[in-house]
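Student: In case you want the letters, here they are:
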Amino acid sequence: MGKIANEVLVEKLAGRFGDQVMPLNQDFGLLAVETTKELITDVLAYLKQDEELKFIFLTDITAIHYPELEKSIGVIYHLHSLTTNTRICVKVFLTADNVHIPTATNLWEGANWMERETYDFFGVVFDGHPDLRRILNVDDMTVFPMRKEFPLEDPNRIDKKDYFFGR
Amino acid sequence: MQNHPVFTDNDPQTEYSTLNLGPTHPATHGVFQNVLQMDGERIVNGVSTIGYIHRAFEKIAEHRPFYQITPLTDRLNYCSSPINNMGWHMTVEKLLGITTPKRVDYMRIIIMELARITDHIICNSILGVDTGALTGFTYMMQYRESVYEIYEEICGSRLTTNIGRIGGFERNFNKIAFDKIRKFLKDFNYGLKEFESLFNRNRIFVDRTRGVAAVTAETALNYSWTGPILRAAGVDYDVRAMEPYSSYEEFDFEVPVGDNGDVYARFLVRNEEMWQSMRLIEQALDKIEKESPEIFHADVPEFYLPPKQEVYNNMEALIYHFKIVMGEVDTPNAEVYHAVEGANGELGFYLVNDGGRSPYRLHFRRPSFINYQMYAPMSQGMLLSDAIINMSSLNVIAGELDA
Numbered sequence: 001m002g003k004i005a006n007e008v009l010v011e012k013l014a015g016r017f018g019d020q021v022m023p024l025n026q027d028f029g030l031l032a033v034e035t036t037k038e039l040i041t042d043v044l045a046y047l048k049q050d051e052e053l054k055f056i057f058l059t060d061i062t063a064i065h066y067p068e069l070e071k072s073i074g075v076i077y078h079l080h081s082l083t084t085n086t087r088i089c090v091k092v093f094l095t096a097d098n099v100h101i102p103t104a105t106n107l108w109e110g111a112n113w114m115e116r117e118t119y120d121f122f123g124v125v126f127d128g129h130p131d132l133r134r135i136l137n138v139d140d141m142t143v144f145p146m147r148k149e150f151p152l153e154d155p156n157r158i159d160k161k162d163y164f165f166g167r
Numbered sequence: 001m002q003n004h005p006v007f008t009d010n011d012p013q014t015e016y017s018t019l020n021l022g023p024t025h026p027a028t029h030g031v032f033q034n035v036l037q038m039d040g041e042r043i044v045n046g047v048s049t050i051g052y053i054h055r056a057f058e059k060i061a062e063h064r065p066f067y068q069i070t071p072l073t074d075r076l077n078y079c080s081s082p083i084n085n086m087g088w089h090m091t092v093e094k095l096l097g098i099t100t101p102k103r104v105d106y107m108r109i110i111i112m113e114l115a116r117i118t119d120h121i122i123c124n125s126i127l128g129v130d131t132g133a134l135t136g137f138t139y140m141m142q143y144r145e146s147v148y149e150i151y152e153e154i155c156g157s158r159l160t161t162n163i164g165r166i167g168g169f170e171r172n173f174n175k176i177a178f179d180k181i182r183k184f185l186k187d188f189n190y191g192l193k194e195f196e197s198l199f200n201r202n203r204i205f206v207d208r209t210r211g212v213a214a215v216t217a218e219t220a221l222n223y224s225w226t227g228p229i230l231r232a233a234g235v236d237y238d239v240r241a242m243e244p245y246s247s248y249e250e251f252d253f254e255v256p257v258g259d260n261g262d263v264y265a266r267f268l269v270r271n272e273e274m275w276q277s278m279r280l281i282e283q284a285l286d287k288i289e290k291e292s293p294e295i296f297h298a299d300v301p302e303f304y305l306p307p308k309q310e311v312y313n314n315m316e317a318l319i320y321h322f323k324i325v326m327g328e329v330d331t332p333n334a335e336v337y338h339a340v341e342g343a344n345g346e347l348g349f350y351l352v353n354d355g356g357r358s359p360y361r362l363h364f365r366r367p368s369f370i371n372y373q374m375y376a377p378m379s380q381g382m383l384l385s386d387a388i389i390n391m392s393s394l395n396v397i398a399g400e401l402d403a
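Order-wise, the sequence lines are chains A and B.
Take the UniProt record's numbering: the last position of the first sequence gets the number 167, and nothing is skipped along the way.
Take the UniProt record's numbering: the last position of the second sequence gets the number 403, and nothing is skipped along the way.
Some clues are possibly wrong.
[Claimed, not checked] Pairwise CB distance ranges (calculated):
1) B:Glu310 to A:Ala5: 44 to 50 Å
2) B:Met326 to A:Asp127: 41 to 47 Å
3) B:Ala27 to A:Gly128: 43 to 49 Å
4) B:Thr135 to A:Ala5: 53 to 59 Å
[To be verified] Below 25 Å or equal to it, Euclidean Cα-Cα: the simulated SDA-like pairs (lysine to any residue) are:
5) A:Lys3 to B:Pro244
6) A:Lys48 to B:Pro377
7) B:Lys59 to A:Lys3
8) A:Lys3 to B:Glu310
9) B:Lys287 to B:Pro377
10) B:Lys59 to A:Lys48
11) B:Lys323 to B:Glu310
12) B:Lys193 to B:Ala177
13) A:Lys71 to B:Asp354
[What the hints assert, rightly or not] One-sided excerpt, in silico: chain A residues whose CB lies under 7 Å from chain B:
14) Val8
15) Thr62
16) Leu152
Calculated from the structure, these hints are not laboratory results.
The beta carbon of each residue, even a glycine, is placed where N, CA and C say it ideally should be.
Same shape as in the complex, but just chain A:
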């Protein structure tokens, strides 16, 4: 079976979820769509179980932090349909004061550690996760280090600031 065209994917998702699943971009052919945390479980389940789509393989779960946005934390799922060899990226954006999102462990066991890692680095709380603990960092750490407010280098160092390079 050949790849599913992004237009078909968008159409199918729109037919099932209406404007609750919005296409974001198609950089380098990879369709990224955005949905809400209320719908994420349904969207993932639909993508996994639909007879035509069959995104049975959970490639990855991670997050990204945009401190300047109102919904600053994005949770990113990469799914892969092994039968049609199509990938899709699903994103959910959360506000920093409410970082709760349902877990995907009831769809894929493999989501367990991926979600623990996302919690460890970004503080995203996956509701219903069987064992949401830090995974790579020490347990008594109080911050979520991949958020942008925790700079790696000395914050007083200015020689690498973008504005010195005209940006």
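Fit chain B to the given chain A structure using the hints.
Tutor: Then chain B, alone, in the frame of chain A:
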């Protein structure tokens, strides 16, 4: 660390003991710990703890220009660091829209397949050691050494190779390198045959591995497994065949698939993959001969680091060098996911770029991390000695697990 799992729900009628397997135990092959609840020699329950050598790869990458991320990738899966290098550079090339010349693609295939061979050599020969057979291990190390000598000839270093560049390689392959590759193929053809005859029908080895830690295809997919362990369970998913990169689509090779997903099947799949890797290298050598021998990188001076000699003597090269090292090059505002078939499975780089000096976000899909999470659940009910062999067969590399 706090919150170490303490098994408190022990049945008072049964006496279970808690055993720490690792963090530093020869049989764990790296720094990770499993707290096991034991009923005699049988594992009743287990919890894996990782993160002992976490080096904040993703956080550091957010603060470095693209080139300075290369040495970080070397240190992920250090048994096959060139694959990590190439995967990273191909991701950047995809982002920047750089097309590499065919000869570069073939050179990359040679290096990546050599790396896959060294990785599988280590995994399979250590699997032998864990069943008590040291001979295979000592015997195979000479071939790993030969590959390291090839790396050394090409880039000057052996383990953390730093071999890739955006658009190609830092140096061309010289005649000695090609000679060494050909000699390796000839020697290893013989060596792998001997290795196989040492193990494949060895009564002790087969008894210790067949039927141990068998995983169905469904479970393997449910746990997002990739690489040889997924293929051993019967799923023919290989990134090289499914989404070819670096001109893999021009090559003739097979994706070996196992049947019952046990330790023995994983061993056989890895062995077969080494044969396929040799086949790929041979084809790449033939194809390279038809290409111009001088080309070893794409013509992208704004992204390819110029040779040092030119930097000293040529103003243009100096400017490009400065701009590249300071991250002062224009990059698109886009996101890209690129996957390569690492020795352990799908090695994915998810790069979100905002046009700044460094990636806005870089996430690394590490096959070892994802493969290893099933270790504790699948060890339940297993004998400790079988769990050790199971760990070898998963080929978890601590540097990649923790990243």
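Student: Does each hint fit the structure? Answer for all of them.
Tutor: Verification of the supplied hints:
Hint check: B:Glu310 to A:Ala5, Cβ distance near 46 Å, so the stated range 44 to 50 Å holds. Under the hint 41 to 47 Å, the C-beta atoms of B:Met326 and A:Asp127, about 44 Å apart, fit the expected range. A beta carbon spacing of about 35 Å between B:Ala27 and A:Gly128 contradicts the range 43 to 49 Å that was offered as a hint. The beta-carbon spacing between B:Thr135 and A:Ala5, approximately 54 Å, falls within the hinted interval of 53 to 59 Å.
Proposed proximity of A:Lys3 and B:Pro244 is supported: the alpha carbons are some 14 Å apart, at most 25 Å. The straight-line distance between the Cα atoms of A:Lys48 and B:Pro377 is roughly 24 Å, inside the 25 Å bound, and the hint therefore holds. Using a Cα cut-off of 25 Å, the hinted pair B:Lys59 and A:Lys3 is violated, with the two alpha carbons roughly 34 Å apart. For the suggested pair A:Lys3 and B:Glu310, the alpha carbons sit about 46 Å apart, so the restraint of at most 25 Å is broken.
Proposed proximity of B:Lys287 and B:Pro377 is contradicted: the alpha carbons are some 46 Å apart, above 25 Å. Under the criterion of a C-alpha separation no larger than 25 Å, the hint pairing B:Lys59 with A:Lys48 is inconsistent with the structure, at around 31 Å. The suggested pairing of B:Lys323 with B:Glu310 holds, with an alpha-carbon distance near 15 Å, which does not exceed 25 Å. With a C-alpha separation of about 24 Å, the suggested pair B:Lys193 and B:Ala177 falls inside the 25 Å cut-off, and the hint holds.
Proposed proximity of A:Lys71 and B:Asp354 is supported: the alpha carbons are some 18 Å apart, at most 25 Å. Contact between A:Val8 and chain B, as hinted, is not supported at the beta carbon level, the nearest pair being about 19 Å apart and thus beyond 7 Å. A cut of 7 Å between beta carbons decides the hint on A:Thr62: the least distance to chain B is about 4 Å, and the hint holds. Against a cut-off of 7 Å between C-beta atoms, the interface hint on A:Leu152 holds, since the closest Cβ of chain B lies about 5 Å away.
Comparing the model with each numbered hint stated earlier shows that hints 3, 7, 8, 9, 10 and 14 do not hold.
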